[in-house]
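Residue strings, one per chain:
Protein chains: 2
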Amino acid sequence: MLKVIAEDFIHLDAVETVLPLYRELVEHTRQEPACIAYDLFVDQKDPGHFIFVEEWPHRAALDAHCRTPHFSRLVPLINRHQRQEGTVILMDAFPA
Amino acid sequence: MLKVIAEDFIHLDAVETVLPLYRELVEHTRQEPACIAYDLFVDQKDPGHFIFVEEWPHRAALDAHCRTPHFSRLVPLINRHQRQEGTVILMDAFPA
Numbered sequence: 001m002l003k004v005i006a007e008d009f010i011h012l013d014a015v016e017t018v019l020p021l022y023r024e025l026v027e028h029t030r031q032e033p034a035c036i037a038y039d040l041f042v043d044q045k046d047p048g049h050f051i052f053v054e055e056w057p058h059r060a061a062l063d064a065h066c067r068t069p070h071f072s073r074l075v076p077l078i079n080r081h082q083r084q085e086g087t088v089i090l091m092d093a094f095p096a
Numbered sequence: 001m002l003k004v005i006a007e008d009f010i011h012l013d014a015v016e017t018v019l020p021l022y023r024e025l026v027e028h029t030r031q032e033p034a035c036i037a038y039d040l041f042v043d044q045k046d047p048g049h050f051i052f053v054e055e056w057p058h059r060a061a062l063d064a065h066c067r068t069p070h071f072s073r074l075v076p077l078i079n080r081h082q083r084q085e086g087t088v089i090l091m092d093a094f095p096a
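Residue numbers (the UniProt record's numbering), protein chains in the order written: chain A, 1 to 96; chain B, 1 to 96.
Simulated from the structure, these hints should not be mistaken for lab results. The reader is advised that the hints may include incorrect statements.
[To be verified] Computed spacing ranges between beta-carbons, pair by pair:
1) B:M1 <-> A:E27: 15 to 23 Å
2) A:F9 <-> B:H11: 25 to 33 Å
3) A:N79 <-> B:A64: 37 to 45 Å
From a predicted model like this one, the values you see are computed outputs, not experimental measurements. Beta carbons: idealized from backbone N, C-alpha and C, even for Gly.
Work the whole structure out from these sequences, hints included.
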């Protein structure tokens with residue numbers, strides 16, 4: 001199991017522009033057979049700070065996601081409106 | 001619904017010390033009646049970077065969590081081993 005947190009920082013005046021792009025990205029990604037979870041959230045203190053919480057069975061599934069037509073098309077359109085570089089954390093479950 | 005990401009940064013030589021404290025915190029917190037999800041992860045690139053992904057019904061439930069005996073006892077014990085200040089993001093679900 002691979003858990004991912006991916007954070008984007010969008011210019012506040014572009015939030016309305018990116019909302020439909022994020023919506024489309026979420027819809028398509030959830031249809032990927034290997035996608036376990038792909039949930040998007042917004043920072044309560046910053047409407048331009050978008051946070052994905054993702055779950056994939058393994059790294060290969062995440063890498064395949066990043067090569068899909070919807071990812072390749074939509075992410076560059078979103079990134080045009082970044083105000084700073086996004087971040088990604090790949091995580092393992094805590095050893096219970 | 002309130003989603004939370006809380007990140008801790010622990011000195012690498014203290015990771016073994018904090019693991020049982022985190023384990024106890026997770027166990028107790030999951031027993032709080034209002035807790036929807038309280039999952040802990042570790043950054044694949046940094047074994048001292050711990051990430052909670054939490055879900056609460058509302059802010060009052062999160063605030064109550066932070067006043068529980070287990071939180072009040074365990075979090076200061078963990079924080080003794082911080083190498084930098086932790087971060088917390090309170091998030092709303094993306095408007096689908």
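Original post:
Can you list which hints this structure breaks, lowest number first?
Top reply: No hint contradicted; all consistent.
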